[in-house]
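Fit chain L to the given chain V structure using the hints.
Here is how the chains run, residue by residue.
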Amino acid sequence: MAYSDKVMDHYENPRNVGSFDNDDAGVGTGMVGAPACGDVMRLQIKVSEEGVIEDACFKTYGCGSAIASSSLVTEWVKGKTLDEAAAIKNSDIAEELALPPVKIHCSVLAEDAIKAAITDYKSKH
Amino acid sequence: MLQQNHFALFGLEPGFGIDPHYLAERYRELQRQVHPDRFAGASDQERLLSVQQAAQVNEAYQTLKSPLRRARYLLTLRGVELNEQDTRMDPLFLMEQIELREALAAVAGKGDPLAALMALRDTIETKERALVTSLTEAFARGDEAALEEARVSVRKLQFMARLNSEVEELEEGLA
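Sequences listed follow chains V and L, in order.
Using the numbering used here, read the first sequence as starting at 2 and increasing by one per residue.
Using the numbering used here, read the second sequence as starting at 7 and increasing by one per residue.
With the rest of the complex left out, here is chain V (with noise of 0.2 Å):
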């Protein structure tokens, strides 16, 4: 499968990789999971009391795409509020990075996952 030049550049030079302590009160956690191919994806932001997200990393063990998709959101949700990250669709990641049909499952778990770290961080609150 050929890559886009988007997705090679984030798979090579992943953005934002690593973890936050989930026990901090700003930082929500989300995780998800694709069956089909076994690709997991875990996605953190810390938020400011202002609720804007201030960071965001992730980890993925999963195909190119899926970690493009996810190093991409991080950089996507820094300096946005919780309303606007939320907003972010699958179909803005696969056109950023040029994904084939195939991989479009990809850009979708890391909206998901996104969704699952603004949910998780306002259950804390």
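Hint data in this document are derived by calculation from the structure and do not stem from the laboratory.
All C-beta atoms, glycine included, are put in the ideal place defined by N, C-alpha and C.
Any given hint could be a false lead.
DEER-style ranges, computed between Cβ atoms [what the hints assert, rightly or not]:
no., chain 1, residue 1, chain 2, residue 2, range
1, L, 26, V, 53, 53 to 61 Å
2, V, 105, L, 109, 24 to 32 Å
3, V, 123, L, 171, 30 to 38 Å
4, L, 28, V, 93, 52 to 60 Å
5, V, 3, L, 64, 27 to 35 Å
6, L, 118, V, 123, 42 to 50 Å
7, L, 48, V, 93, 53 to 61 Å
8, V, 87, L, 64, 46 to 54 Å
9, V, 126, L, 14, 51 to 59 Å
10, V, 52, L, 26, 54 to 62 Å
11, V, 126, L, 64, 53 to 61 Å
12, V, 126, L, 24, 46 to 54 Å
13, L, 91, V, 93, 16 to 24 Å
Only chain L this time, still in chain V's reference frame:
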């Protein structure tokens, strides 16, 4: 023979518990019966049919032999959708998956990578066996709640299958 479900083809009632020896024996028997070589002198139509039947016998055997594929097939027969688009899973399970994959990624850097890999494979096998046990129990009950449990276990087993193939890949790399 064609259009029978895989269980009926092997003379079995649909169910998760299967005797692997019986399955292998019945497979060899069926293979003999439908082998295209036996139809070398037969009409085109009969030969075509034997090829189709041989393919069905193979497909049925591969499906019934594997606990994961057998469970998926049983759920399909019972009309349960696996819903592969649903990415929500038990967070503890996903956490454990991430830990197992981190451990797998760390194997190459160990003093004795092969020993570390084998230990990890044992851990994965133990977890897999537990899932297969819960599947056996759920399919034996067979009610709606049990089938939902089975669906969740099948989803988890798919992650285990992925881990197993990564273990195998790494093992080949180390050998």
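Range hint compliance [Cβ, residue 91 of chain L to residue 93 of chain V, 16 to 24 Å]: holds, 18 Å
Can you tell me whether the CB distance of residue 3 of chain V to residue 64 of chain L sits inside 27 to 35 Å? holds, 33 Å
Does the Cβ pair residue 126 of chain V, residue 24 of chain L satisfy 46 to 54 Å? Given range 46 to 54 Å: holds, Cβ gap about 50 Å.
Whether the CB-CB distance between residue 118 of chain L and residue 123 of chain V falls inside 42 to 50 Å: holds, 46 Å
Consistency of beta-carbon spacing, residue 53 of chain V to residue 26 of chain L, with hint 53 to 61 Å: Hint holds: Cβ distance 58 Å, inside 53 to 61 Å.
Supplied distance hint 54 to 62 Å, evaluated on CB atoms of residue 52 of chain V and residue 26 of chain L: This hint holds: roughly 57 Å between Cβ atoms.
Take a look at whether the Cβ-Cβ distance between residue 123 of chain V and residue 171 of chain L falls inside 30 to 38 Å. holds, 37 Å
Distance restraint hint 52 to 60 Å, applied to the beta-carbon atoms of residue 28 of chain L and residue 93 of chain V: At 53 Å between Cβs, range holds.
Consistency of beta-carbon spacing, residue 14 of chain L to residue 126 of chain V, with hint 51 to 59 Å: Check passed, 56 Å falls within 51 to 59 Å.
Verdict for residue 105 of chain V, residue 109 of chain L (Cβ pair) under range 24 to 32 Å: Holds, at about 30 Å.
Do the beta carbons of residue 48 of chain L and residue 93 of chain V sit within 53 to 61 Å of each other? holds, 59 Å
CB of residue 87 of chain V to CB of residue 64 of chain L, is that within 46 to 54 Å? holds, 48 Å
In summary, this structure violates none of the numbered hints.
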